[in-house]
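These are the residues of each chain, in order.
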Amino acid sequence: MRVANKTIYEAITFNLGNITEDLSHANKVVATGKRIINLSDDPTGLTQGLHIKSSLSNIEQLGRNITLGKSWLRASESALTNVQDMISDTKSLCVQMATATMSAAARASAAQAVQNTLEEIVSLANTEVSGRYIFAGSKTDTAPFSQDGTYNGDNNAFTVKIGRDATVEVGSDGEAVFQPSGAGANDDIFQTLSDLKTALENNDVSGIQDAISKLDAHLDHISEKISDIGSKMVRTEIKENLLQDMSLTNTERFSNIEDADITEAIMDLKAKELAYQAALTAAAKVLNISLVDYLK
Amino acid sequence: MSGLGLVLSIAKDAVAAQQYGLDVVGHNIANVNTPGYSRQRAVHEAKEPAPYGGVLLGRGVDTTQVVRATDQFIENQLMEQKSSMFSFKEMENYMQVLEGLFNENSDSSISALMADFWNTWHDVAINPSGGSERVALYEHSVLLSDQFKALNTDLIQLETDLTNAISAGINRINEITNEIAQINNNIVGMEVTSTANDLRDQRNVLVSELSEYTDIKTFEQSNGSLTVVAAKGTILVHGNDSYDLALGGDDGRRVEWQGSGGATVDLTDYISNGKLGGWLDMREEVIAKYKKDLDALVKEFVWTVNQQHSQGVGLEGFSSVTGTYQASSTSAALDSSGLGFASEIIDGGFRLWLYDSNGDYDSDTTLTIDASVTSIDDIVTAIDAIDPNITATTIDGKIQISASNGYTFAFSDDTSNVLAALGINTFFAGTTAGSIEVNDKIDSNKNYITAAQVINNVGPAVANSSNDPTGTGTIVTSGHYTGTADATYEIQISTGGAVGVAQFQWRKDGGAWSAPILTTGGAQAIDVDGVSVTFMPGTYVANDTFTIDVTADSAFYGTYASGDNTNAMAIADLQYTAMDIAQWTCDRRNGDTEGSVNATIEDYYHAMVGSMGIKSASISRGRAFGEVMVNKMGEIRDSISAVSLDEEMTNLIKFQHAYAAAAKLIRISDEMLNTLLSVK
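Just so you know, the sequences run in chain order A and B. For the first sequence, this note's numbering assigns the number 296 to the last residue and increments by one with no breaks. For the second sequence, this note's numbering assigns the number 680 to the last residue and increments by one with no breaks.
Rather than coming from a laboratory, the hints here were simulated on the basis of the structure. On a predicted model such as this, the values are computed, not experimentally measured, just so you know. Positions of the beta carbon are idealized from the N, C-alpha and C atoms, including for glycine. Hints are supplied without guarantee of correctness; some may be wrong.
Claimed, not checked - One side of the interface only, derived from the structure: several residues of chain A facing chain B at Cβ under 7 Å:
1. Asn15
2. Ser40
3. His51
My request is simple: use the sequences and hints to build the entire structure.
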């Protein structure tokens, strides 16, 4: 084929242009450390990357939900454990006070102890986590129990989302915990304690004995609630570990998709540089040769 | 003629011919860098021999013509390739701008903001009474809607830029066609005697530039003039006449061919190549698609969030609320009211809860909606009838509900979507990427962000899907269940037909069926425990069943709690919900078609960005391929037409030597003549 001068010049310009473009891209990859610089560099990878990014963000959020949930569960557990201990102590006190040898004075002073316990349990039932009452159902801004044992919360336990399709009740309907059949009923802890207090004050042994069996029932009920919270805690922790694993694998996948392999990128840059130099040298040689030089 | 005279004459012609040859070589060398120049060649021919003394004697050389080395077929091929390459090249340029707009490597990208939006809803869900969570949600929502608006503005700007580019391109096309017409005129004048090589080259350069702008076909007429035909067979140049293109149409964005006598032909959908083709493809197909897709996405996003939001209640009830969506007619049925989301309204109803000045539950009312009958005015009348402390009116096609004497109100259980369609108790206002914003009501008071739901113990009537196909009638529940235990009511249609004809029976918790009861227009109590149902107009088919779940009555009926996060969680859940979202295919020739994909909001957006990348990559490949093709065709063209200096130098020597020889011939004949003359 005839090769005109123009062909040579244009081929050189075209090829150098292509190589510079490659070089500039390779340079950008090294400089940014990212494999995908424009949407068009790897559209499928990009879409995957976006999916992963949004699930990572979601996982992070669920992690925050779980942290909050755990703090509520922990607070509930410790409040109820304290309540359990106090009821158990009160029960021992009752057993002691029920013995016929106890003096009325001793019983009256025990009544004071029971009053303290009652106040303490009301205050535990009004436990707050960062300003929100955990035994108030969804009325978290209202103290759920008045001193007289009236319930001011509602029956919808506060719930948080710990997974895409998983929620867990981290707060409690205080009524269900402390007075499952309503205020004043047999299973109302506050009622039992205040009755016990009256019995002690009145030196009423049968009233004291009556309280012992009730306190037993309360202990069962509270420990049932504690184990319920414990199992929720376990569930939440399993979910948390799962999320952490997912977060790790997703971060790794994301990095595989988005980040450039620096060694590879630098090798690539070097190769492109070399190609560019070779092309320049060749161009310089070709451009200098002409028949004109040989005609004297 | 013969003898010495002939030799001298041959020598003279030979000298002249070599000199012509040298002239042409010189012309070639001089034009080695002239774009579009085709090398020329002097054609030497032996003169016709003349008989002399019984033999035919050659009479020397003649320069008959100077020809261009050119191949019109290759030129046309090159032109076509260029046309397509330039189309890709321009698209690639604009695609890069578009990719930049949807840049996902920043914190202000839509997908990052979208993730933040859902996350802040989660934050509200884990602390529904928290003021800072509500403000954060509001701020993120403003950022997100601003970003949607900014994208929309950028896309419109890109369209404007393209229209400007098209306008400039058209001006250049008109200049070129005008020049071609002039050159046509000159060529026809000059080619009476010989070929106008250089004018033809000039014309080729112009035609080639024209093909960079649009796809053209050319035909050479017998007199040497060139006819240029553009898309749809419209003639741009014929002889020494040229016809202009101009922007026209209703929106001033259509490319129109201006014929003689004011006739115009719209070429917008037919120009497929060249820069003009690329710009039009970009504006009418690529950007148009993404603009429509973005609108579809925003529309679905706004709707889904609003629909769920309107089911909830904030930290306080409304004392006054105005719908954000405007109806064109408040007296027309809702489905033809001209509301932005009118098509989403279905038969059903919603509950309106009224609270007294102490914030205590006062009453609740179920308003039934028949999408094809009920009008906004009907809703106004129904609300006015509830209680003197609550009134409704319409202002500029928007509904306004106000309570007086310290009363407040809230909504729940909207099965008709009418609240979201009116823009009452919604989170966003607007329907498109250009109009989305956070509802003013929420802007003014973040307590109206609905994280909770009013406690209502009567669930909606759910049609039993195992009875398909069912009738068109739907049932709306109302009332306050006063029973002390959770229960389930079943309603079975015993006699089919329209309301007033159809009969139903009911039972509670699988007990005995009641006797058939005739359906009537209004709310019908079905039990002593306070549950009522309304049969909406439509047909009811015998044996269709509906179930209604009710929960035990409590002191909390009609109240809402600050720590309730039911609705916030339901909204946060929307991020996982796949929905049908319109997806557009824009095609200039075949028109725009609307399809639909089932995806979550985020997946849709990701797919949209992905498809943009794929489009961009394929355009870049097209451009690279086009460049290689243009290069290849250019090489072939140049191998035929371009000047090689080496070749010209060789020719230079060739002609120089021939010239020297011819000169020598003159000297020899001179000597011979002298010899002859000196014979004494």
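Hints, one by one, checked against the model:
no.: 1; hint: Asn15; result: violated, 10 Å
no.: 2; hint: Ser40; result: holds, 4 Å
no.: 3; hint: His51; result: holds, 6 Å
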